Every structure is written in structure tokens, then in C-alpha cells.
Amino acid sequence: MKNKKYNSRPDFVIINKILPKSKRLTRAFNQLFHFKSLPDSKRSQIKIQEMAFMLVAVVLFFALVGLFLFSIFYINMVKEANSLREFKTLSSVINLANSPEFNCVDLRANCVDEDKLINLVDRNVYRNFWQFSSLRLIKNSAFNKTEDKIIKCNPGNYPDCDEFIIYDKKVKNERLIQSHVALCRTEYKENYYEKCEIGKLIAGSEVISG
Amino acid sequence: MKSKKSFEMSFSWIFAFIAGGAILLLALYGMSKVIQTGQNLGQTEAAAALTALLDPLETGLASQKSEEIKLNADTAIFFTCSYLDNRPFGKQMIAFSEKNLNNKPGEKGRDISIKNKYIFSESVINGKNLYAFSVPFFLPFKIGDLIILSSKDYCFYQPPNEIKDEIENFELGNLKITKDLKNCSGTMVCFDSERDECDVKVFSNGGNYNNGKIVKNLQEVKYRDGLIYGAIFSSKEIYECNVKRLMARLSELTLIYSDKADTLNKKGCSSDIKLDLNVLKNNANSANSSRDLIDLDESAKKVDSFNKGIMQRCKLY
Numbered sequence: 001m002k003n004k005k006y007n008s009r010p011d012f013v014i015i016n017k018i019l020p021k022s023k024r025l026t027r028a029f030n031q032l033f034h035f036k037s038l039p040d041s042k043r044s045q046i047k048i049q050e051m052a053f054m055l056v057a058v059v060l061f062f063a064l065v066g067l068f069l070f071s072i073f074y075i076n077m078v079k080e081a082n083s084l085r086e087f088k089t090l091s092s093v094i095n096l097a098n099s100p101e102f103n104c105v106d107l108r109a110n111c112v113d114e115d116k117l118i119n120l121v122d123r124n125v126y127r128n129f130w131q132f133s134s135l136r137l138i139k140n141s142a143f144n145k146t147e148d149k150i151i152k153c154n155p156g157n158y159p160d161c162d163e164f165i166i167y168d169k170k171v172k173n174e175r176l177i178q179s180h181v182a183l184c185r186t187e188y189k190e191n192y193y194e195k196c197e198i199g200k201l202i203a204g205s206e207v208i209s210g
Numbered sequence: 001m002k003s004k005k006s007f008e009m010s011f012s013w014i015f016a017f018i019a020g021g022a023i024l025l026l027a028l029y030g031m032s033k034v035i036q037t038g039q040n041l042g043q044t045e046a047a048a049a050l051t052a053l054l055d056p057l058e059t060g061l062a063s064q065k066s067e068e069i070k071l072n073a074d075t076a077i078f079f080t081c082s083y084l085d086n087r088p089f090g091k092q093m094i095a096f097s098e099k100n101l102n103n104k105p106g107e108k109g110r111d112i113s114i115k116n117k118y119i120f121s122e123s124v125i126n127g128k129n130l131y132a133f134s135v136p137f138f139l140p141f142k143i144g145d146l147i148i149l150s151s152k153d154y155c156f157y158q159p160p161n162e163i164k165d166e167i168e169n170f171e172l173g174n175l176k177i178t179k180d181l182k183n184c185s186g187t188m189v190c191f192d193s194e195r196d197e198c199d200v201k202v203f204s205n206g207g208n209y210n211n212g213k214i215v216k217n218l219q220e221v222k223y224r225d226g227l228i229y230g231a232i233f234s235s236k237e238i239y240e241c242n243v244k245r246l247m248a249r250l251s252e253l254t255l256i257y258s259d260k261a262d263t264l265n266k267k268g269c270s271s272d273i274k275l276d277l278n279v280l281k282n283n284a285n286s287a288n289s290s291r292d293l294i295d296l297d298e299s300a301k302k303v304d305s306f307n308k309g310i311m312q313r314c315k316l317y
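Taken in order, these protein sequences are the chains called A and B. Quick note on numbering: the first sequence equals residues 1 to 210 in this note's numbering. Quick note on numbering: the second sequence equals residues 1 to 317 in this note's numbering.
With the rest of the complex left out, here is chain B (with noise of 0.2 Å):
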């Protein structure tokens, strides 16, 4: 007998509800799997688009080029470098991530492999709006563009005024200079000061910033040339990567200088320059980190004076 209150479910009514509970759960499941996709794929798609926007920054004759690259969202930026990998030149790896709602890193998107360009950041870049400068790095010929990316606030406190200048000519809006630490936000450099206020302090070769040693987070990297923006401007595991990189394609340069000497040789252009730069190559190769690069100066100055030294049209660079 039945119960008026009782509640009866006929058998196809359960089945349709477990079937189409079914459905719908593995309905769900692809359409998360659909959009997690197109998430990853946007990630990549704009991580590629990125290195394509890099390009451009290759300074040419120019001594220095900048430029501000505005994203459509606030994005983190993963980069990581590895001189291992790509022998012998090594390679930097960025992958993007755009914010959800909640203001945390969303799903990441695939890496992007970077082998011919040399990129100074911190190892994770946050916000919206990125600004990018190169500078070219010689020892002693052109060995390649260094693209400082950012995008934080910096704060240059009583810059020499070589630097100064420098600065001025990036005209980029997250750069400023000060001669007030107080009025300043973002992250303090210091030059050639103690001062605790300072996040990144650079110090010079007696007065000479062509080179000198920088602390930033209590490590220490030396730098010459427009590789102190390097240094400022990337971590030390970036900074210390990218220069191995740039040092093996200063050896892989060396041999086709030395090659280049050869050639010239046939044409009656004689010199002695191979010597030198077998020296500088094999310093080169030798360079463990930027502690070495002080090593480097002393080869890579005989083969300039030496190269000063050819008639023109004999020159090797």
C-alpha cells in the first residue's frame, strides 16, 4: 500500500538522472579542459609575439634604443636562462601568465625559447605595461645587443653623469633620477654609496664606471660596460647566465675574425692578429662568471690596438 506522503521515483527517472549527471559532468570537465587550453594557448601565442616585439631593440648603429610595450592584461612573466642547454651559445626560456580576477598568476602558458638575444630582467616581471632598452656590448668588436626589460618603478639616486645621461636618452616613464631619496619610489641605486636606503648599489673601478662590481641582495656581480644596466636591472642568475652566453659568442666570434684575418691575408692584407685572438678566445672559454671578465680586458685591448692598428680597408672590425 502506498503512503500519500511517500515519494516514488520510477526507474527511467533515476537513470536519466544519473546519465545526464553523467553528461553534464564530462560536458563541464571538456569545457574547462576547452578554455584551460585557449588560456595556454593565448600564454604562448603572446610570449612569441613578445620576442618577435624584441627585435627591433637591436641597436645597429644606434648606441641605444628603447621602447614601452603595453599588454592587453596585468601579466607575469617567467623568464629563465641556461648556457647548458643550446651549446654552445645557451638559451633564455620566457613564458607568460596572465592575472584572473583574484589577482594571482593564471594558468601558464607553454616556454619560448630565446637563443639569439641576450634579455636582463628580474626572474619574474609583474604588471601591464613592460619598458625595454638595448645597449650594445663590445670586447672589443660588437658582440651582441643587451635587452633590459622591466617593469618597475627605479629610482637613480645621484647618478654619474655619464649615466645620467644615459637615462635621460631611454626616456622611459619607469626611470627616474633623483637627488632626494625621499622623494623618490621604486627601487633605490646607489652610486658609489653605503647608504641602506639603497637596493642596488653600484660601485665603480676608482671613479671609472666602464667597470666595477654591483650588490644587489647581498650577492655581489661584476659588470663592465653596458653591462652594469645588466646588473642593475636582472637577477643574478639571469645576469650571471647571460653572460656565459655572451662570452661563448665571443669565442665562436674570435674564430671567425680569425678566419676573416685569413681571408684578408689572401688578399694581401698581412698582420698577426690571430695570435691575440686566439688569446681572447680561449679567455673566452675559460670565463666562469663576470669575475672573469676583468681577465678579458687586458686580451681583448691588444687585439683592439692591434685591429687600430691595420690600414683601413685591412681591418678586421
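Isolated chain A (complex conformation) (with noise of 0.2 Å):
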């Protein structure tokens, strides 16, 4: 191998220049330096380590463009499933009042049978019938009522009481989408009649964090 003629680097010469002379660096340190003194197999292998540096650069570089488009990308997705999801409890709730399940006698739109409604409550295999995160009514006396002083009806103290959950499924992050609704039963006084209130069905909507 042809040995190349030793030059001092430039910057190594200002350094020299302004070092006192004890402190210069040396012939030896500045060969170890000076790649163009190097043998061509130490070049070529510095060259590999460079060029292996820069890939690994660039794939780092590409690697977090793509984790920022994916982020962005999954916060949209996560938005879209959510107003998804929102959008289908809001259909639904429109027209669950008139499901088999809630409809008042002679199929009146929109009217939920009261004495049908009690016999819901806590019945678990409707649970996974409909999307709901959670499924509840309110009657007009509870518009007014704080969370607390609300009694939640069961077969013991129908009908003095002012909400019936048919379930909930205690989801972490819900949204509550409501619709107002007739609610019917059978009373009797002197003749048997049908009281009508006004009373709001409420669906929870799971929302997803994105």
C-alpha cells in the first residue's frame, strides 16, 4: 500500500498556533485525526460507520414521521367512533319508545307503558340487546330533584317513585343522550283510567379516549 505524504490539518495548525507549546498536540494525535492519512481500510470502514449512522438517521427520522401521521390519524379515528357511536344512540332512542319492549297499549307513538316499564328494571338479558352503555327513565317528578333524592323505582314502591334503570353498565366515560317521551299507566279511581305524564328516556353512549 502506497503511504500517503503527512499534511497537518489547518484547524490542528490555528490550535497549535494558539496552544502554549508544552500543550500542542502532537505528529501522532493529529495522524490519528487526519482521515485522509488513514490506510483505505480504516477509511472505508469509517465511511460504512458514517453511512451506517446516517440510515440509522434516517429511519429514526421516518420512524417518527410516521408515529406523528399515526397519532394524528388515530385521534381522528377515535373522534369518528365516537360521533359513530353517538349518532347511533340517538337514533335509536328516538325510536326506542316504540320497541315492543316500551310501546303503551294500541301502539301510541312515542308513549312508554308504565306498568311495563317496572317489570324492565334490572331484567339483566336486555343488557346486550341494545348499544347502550347504559338505559334509564325519568319521570316528571324528578326534573327538579338533586341525584340524591331521587327514589329509583322498583316493584315495591310503584309508582311513587321517580326513576326506573332497566340497566347500567357503569362505563367509565359516557354521554347521555335524551328524549322526552309520554309515560302511561292504568290507575283506578271510582273507574279504571290511564295517567299520563310527561318523562325522559336517557341512553349512555360509551365514549372512547382517545
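Heads up, some of the hints might be wrong.
[Unchecked claim] DSBU-like cross-link-like pairs, simulated, lysine-lysine; straight-line CA separation at most 30 Å:
1. 88/A / 128/B
2. 315/B / 139/A
3. 195/A / 308/B
4. 115/B / 170/A
5. 200/A / 115/B
6. 274/B / 315/B
7. 302/B / 195/A
8. 200/A / 65/B
9. 189/A / 308/B
10. 79/A / 115/B
11. 172/A / 115/B
12. 65/B / 152/B
13. 200/A / 266/B
14. 33/B / 108/B
15. 200/A / 315/B
16. 128/B / 79/A
17. 142/B / 88/A
18. 79/A / 33/B
19. 195/A / 274/B
20. 169/A / 115/B
21. 267/B / 195/A
22. 195/A / 142/B
23. 179/B / 236/B
24. 152/A / 200/A
25. 142/B / 169/A
26. 267/B / 149/A
27. 267/B / 145/A
28. 99/B / 88/A
29. 200/A / 267/B
30. 315/B / 152/A
31. 195/A / 266/B
32. 169/A / 281/B
33. 152/A / 115/B
34. 301/B / 315/B
35. 267/B / 139/A
36. 108/B / 88/A
37. 65/B / 176/B
38. 267/B / 152/A
No wet-lab data here; the hints were simulated from the structure. Source: prediction; values computed, not measured.
Two chains, two frames, a set of hints: combine them into the complex.
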């Protein structure tokens, strides 16, 4: 292999001019860091190392860009999923009062049969029938009451109660969507008659956190 | 000594080619995966949106409802049904796949489950326009709405007046009524006819189309009331599965009505309807296929006549 002529690096020359004599950079030190003066095999090794570092940097850069794009994509996907869930809950809750489990005698539109509803409370088979995370109905009497003063309905206290909890999956984060309905039941006072009042059908839609 | 014609490539070039090629391949693979996921997501969203679009088809007071759904692209929609999952109500699964440039279904989206609807359709529906209509199903009280979904043309050959009126009221572009089989294209539906040109043969029970049988692709199913449309428009597997799901809901509803009878009993409305409701529940639970619909008729009639005999404010439904 042909020996290359030693040439001092200009930066080292400048440094040596500044430094006191005793601390000046030696020829060996100079040679160690002088790229051109290295043998070909060493130079190739350093080039490969440089390229490898460059490749790692490029891959890391694209990985970071990919990660950034993925996070935007994921956030949008979560938003889309949540709005779709809400839309589905809203479209279902509007029609829920007309389903056979709730509807009044003679299939009146938007009317919930209270005498039927009381028997739906805690009927667990319906937890996975509707896609809501929770489903309840509050009577007119509960509209101005605080949460702790609302009386939950059960066959024992019916009809002197405020809220029918059909089921509650107790999810951490849910958005509630409500629809007003007529709530009717059979009463007896000298004669049988139908007593109707306004109620709120409240359905929960689970919110996925992004 | 170097030959003048020889081609010399330094190590750094070879290394750059190999590493660059590897990075390029990796990037292409990543991109294809991103596109695939995007497509999958789009199809899944479309399937979920369709289930929400079917909500307004709940009939409520109306005796029937219909709507035309226009999709953005030619799409294949896959339907499956299982009465064993999500006991006792069962469920249906729906998946979308938009067709690509070769007119072949592309990446299939994820299945979206439907638990509170009864969609009657072929196992795969292809097209850009979907036609949907719904009819309520009573046995003897309302059990649910039957949603019939189709995309191809149907030709009803000489239907009886009650069915002709209903089809005309749906006002759907793919349903046609004809008096001449040659003038019609699409699936031919014939009534009490054994003609070879008929793809679907509807047979009445002595001229009464409230119940009977339907023969389609050499397979026979029984129908009752609104289920006549379910049987015409859907595959046998989906029809039978949905009949089982409806029977499961009927069974749960008999329990609710039975409990309602107890609630009304406390208010002084006494009746012995619970016994008949129990018989209806047992018959619904033991129904294995559409063939058993006839057996339910008798117990349903008993419950209905009992309910009709009760004073208005003490009626169950």
C-alpha cells in the first residue's frame, strides 16, 4: 500500500498556534484524526460507519414522522368512532319508545307503558340487546330533584318513585342522550283510567378516550 | 490493470443501493399497510353507519316504511346471522367491501354486530343503491320490525291484491309488478304458480296469504304475516336464523307481559291470561324453524282472544 504524505490539518495548525508549546497537539494525535492520512481500509470502515449512522438517523426520522402521522390518524379515528356511536345512540333512542318492550297499549307513538317498564328494571338479558352503555327513564317528578333525592323504582315502591334504571354497565366515560316521551299507566279511582305524564328516556353512549 | 469496458462500482455505491432498496421496500410495505388499514376503517365505518340508517325504519304506528340508500361506490355487503351468540336474542353481523377497479370486492371491513334488528336479505348484496323497507311482525302482539334489504330487481307476477297494494306503497325502484313474465327482468316472484320461469314461488294456505310456504332455489320455508317478505328476499339461512331470533324475543316479551299482568292484578285488573302466555312462551322456546310457526298460531290466538276480552284499561297490549 502506498504511503500517503503527511499533511497537517489546518485546524490543528491554528490550534497549535494558540496553545502553549507544552500542550500543542503531537504529530501522532494529528495523524490519528487526519482522515486523509489513514490507510484505505480504515477510511472505508469509517465511511461505512458514517453511512450506518446516517441510515439509522434516516430510519429514525421516518419512524418519528410515521408515529406523528399515526397519532393524528388515531385521534381522528377515535373522534369518528365516538361521533358514530353518538349518532347511533341518538337515532336508536328516538325510536326506542316504539319498541315492543316499551310501547303503550294500542301502539301509540312515543308512548312508554309504565306498567310494562317496571318489569324491565334489572332484567339483565336486555343489557346486550341495545347498544347503549346505560338506559333509564326519569319521571316528571324527578326533573327538579338532585341526584341523591331521586327515588329509584322497584316493584315494591312503584308507582311512587322517580327513576326506572333498566340497566347500567357503569362505564367510566359516557355521554347521555335523552328523548322526551309520554309515560302512561293504568290507575283506579272509582273507575279505571289511564294516567299519563311526561318522562325522559336517557341512554348512555360510551366515549372512547383517545 | 483496468479494462476500458469494465464497470467498477465502489463499495459505498453497492451499500447505498442495498440499504436504499431495503428502506424503499420497507416504506412501500408500510404505505400498503396504511392504505389497507384506511380501507378497512372506511368499510367498517360504512357498515356502522348503515346500521344507524336503518333505525328510522322502525315502524312505530306506521304499518310499513321504506327508504332508498345510496352508497358512494359499488359495494358488496356481507350478512351473517347467529342465534347461538348473544343469548337469548342472537345477533346479525354486517361487513362492507367496496369494489375496486377490477370490479372485485376489495378489503373487507370488520364485522359490525346488530343485536336488536332483524334484517332479511341475501347473504351477499352487491350494488350502489340499496332498497330497504320494513313491516311489523305480530304474534299476537308486536315482536319487532322486519327490515328487508335488497339491491337487485324483483318482479312480482300477478300478486294478490293485498300484496300488490303493499308493494305499490313501498314506492321502491327495484320492485315491479307485472302481468306478463316476458316484460320483466330480475328475480321473478310468482304466487300459487308452478311455472318454470319463477325464481321464487309463494304458496298460500288455500288462497290465504297470511300463512303458507315459499319455495326458492329448491328450498322450502314457511311464513306467517310479514315474514312473507322476509322469505322472498332473504337466503334460507338468514331467514331461519332470524325466525329463531324473533321467537327468542317473543319468549322474553311473554315474560314482560306476564309480569305486567301481575302489576295490573295488584291494581284490581284480574285475568287468567298468564296461563296462555306461558303456553305461548313454551311454544316459542321449542320452535326450531319456520315450520313451527304454525304450531304457535293456536297459542297466539288464545292469548289474543283473552286480551281482547279484557276491559280497555286492563289490556296487556
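Here is what the structure says about each hint:
1. Of the supplied pair hints, the one linking residue 88/A and residue 128/B holds, its CA atoms being roughly 22 Å apart against a limit of 30 Å.
2. The suggested pairing of residue 315/B with residue 139/A holds, with an alpha-carbon distance near 23 Å, which does not exceed 30 Å.
3. With a CA separation close to 21 Å, the supplied pair residue 195/A and residue 308/B stays within the 30 Å bound.
4. Only pairs whose Cα atoms come within 30 Å are accepted, and residue 115/B paired with residue 170/A is accepted, the gap being roughly 20 Å.
5. Restraint check: the Cα-Cα separation between residue 200/A and residue 115/B comes to about 24 Å, which is no more than 30 Å; the hinted pair holds.
6. Our distance criterion of 30 Å between C-alpha atoms is met by residue 274/B and residue 315/B, whose separation comes to about 13 Å.
7. Restraint check: the Cα-Cα separation between residue 302/B and residue 195/A comes to about 29 Å, which is no more than 30 Å; the hinted pair holds.
8. Of the pairs offered as hints, the one joining residue 200/A and residue 65/B holds, with about 26 Å between alpha carbons and a cut-off of 30 Å not exceeded.
9. At roughly 23 Å between alpha-carbon atoms, residue 189/A and residue 308/B fall within 30 Å of each other, so this suggested pair holds.
10. Taking the CA atoms of residue 79/A and residue 115/B, the gap is near 24 Å; set against the 30 Å cutoff, the hint holds.
11. For a cut-off of 30 Å, the pair hint linking residue 172/A to residue 115/B stands: about 23 Å separates their Cα positions.
12. About 19 Å separates the Cα atoms of residue 65/B and residue 152/B, which keeps this hinted pair within 30 Å; it holds.
13. Restraint check for residue 200/A and residue 266/B: satisfied, since their Cα atoms lie roughly 26 Å apart, inside the 30 Å limit.
14. Distance check on the hinted pair: residue 33/B and residue 108/B sit about 14 Å apart at the alpha-carbon level, within 30 Å; holds.
15. Distance hint between residue 200/A and residue 315/B is fulfilled; the C-alpha atoms sit about 24 Å from each other, no more than 30 Å.
16. About 27 Å separates the Cα atoms of residue 128/B and residue 79/A, which keeps this hinted pair within 30 Å; it holds.
17. For the given pair, residue 142/B sits about 23 Å from residue 88/A by alpha-carbon distance, which is consistent with the 30 Å threshold.
18. A threshold of 30 Å between alpha carbons decides the hint, and for residue 79/A with residue 33/B the separation of about 22 Å falls inside it, so the pair holds.
19. As the CA atoms of residue 195/A and residue 274/B are separated by approximately 24 Å, the hinted pair is consistent with the 30 Å bound.
20. At most 30 Å may separate the alpha-carbon atoms for a hinted pair to count; residue 169/A and residue 115/B meet this at roughly 17 Å.
21. The hinted pair formed by residue 267/B and residue 195/A meets the criterion: a straight-line CA distance of about 13 Å does not exceed 30 Å.
22. Annotation: proposed proximity of residue 195/A to residue 142/B holds, straight-line Cα distance about 23 Å (limit 30 Å).
23. Our distance criterion of 30 Å between C-alpha atoms is met by residue 179/B and residue 236/B, whose separation comes to about 27 Å.
24. Between the alpha carbons of residue 152/A and residue 200/A the distance comes to roughly 14 Å, so the proposed pair stays at or under 30 Å and holds.
25. Taking the CA atoms of residue 142/B and residue 169/A, the gap is near 28 Å; set against the 30 Å cutoff, the hint holds.
26. Note on residue 267/B and residue 149/A: the hinted pairing holds, with a Cα-Cα distance of about 27 Å set against a maximum of 30 Å.
27. Proposed proximity of residue 267/B and residue 145/A is supported: the alpha carbons are some 28 Å apart, at most 30 Å.
28. Restraint check: the Cα-Cα separation between residue 99/B and residue 88/A comes to about 26 Å, which is no more than 30 Å; the hinted pair holds.
29. Proximity of residue 200/A to residue 267/B is assessed by CA-CA distance (about 25 Å); at most 30 Å being required, the pair is judged to hold.
30. Of the supplied pair hints, the one linking residue 315/B and residue 152/A holds, its CA atoms being roughly 26 Å apart against a limit of 30 Å.
31. A distance of roughly 16 Å separates the Cα atoms of residue 195/A and residue 266/B; the hinted pair therefore holds under the 30 Å criterion.
32. For the hint linking residue 169/A to residue 281/B, the alpha-carbon distance of about 28 Å falls within 30 Å, and the restraint holds.
33. Restraint check for residue 152/A and residue 115/B: the C-alpha separation of about 28 Å stays at or below 30 Å, so the hint holds.
34. Between residue 301/B and residue 315/B, the direct Cα distance comes to roughly 15 Å. Compliance with the 30 Å bound is thereby established for this hinted pair.
35. With a C-alpha separation of about 20 Å, the suggested pair residue 267/B and residue 139/A falls inside the 30 Å cut-off, and the hint holds.
36. Proximity of residue 108/B to residue 88/A is assessed by CA-CA distance (about 22 Å); at most 30 Å being required, the pair is judged to hold.
37. Taken as a hint, the residue 65/B and residue 176/B pair is honoured in the structure, with Cα atoms around 17 Å apart against an allowance of 30 Å.
38. A threshold of 30 Å between alpha carbons decides the hint, and for residue 267/B with residue 152/A the separation of about 21 Å falls inside it, so the pair holds.
Violated hints are absent here; each numbered hint is respected by the structure.
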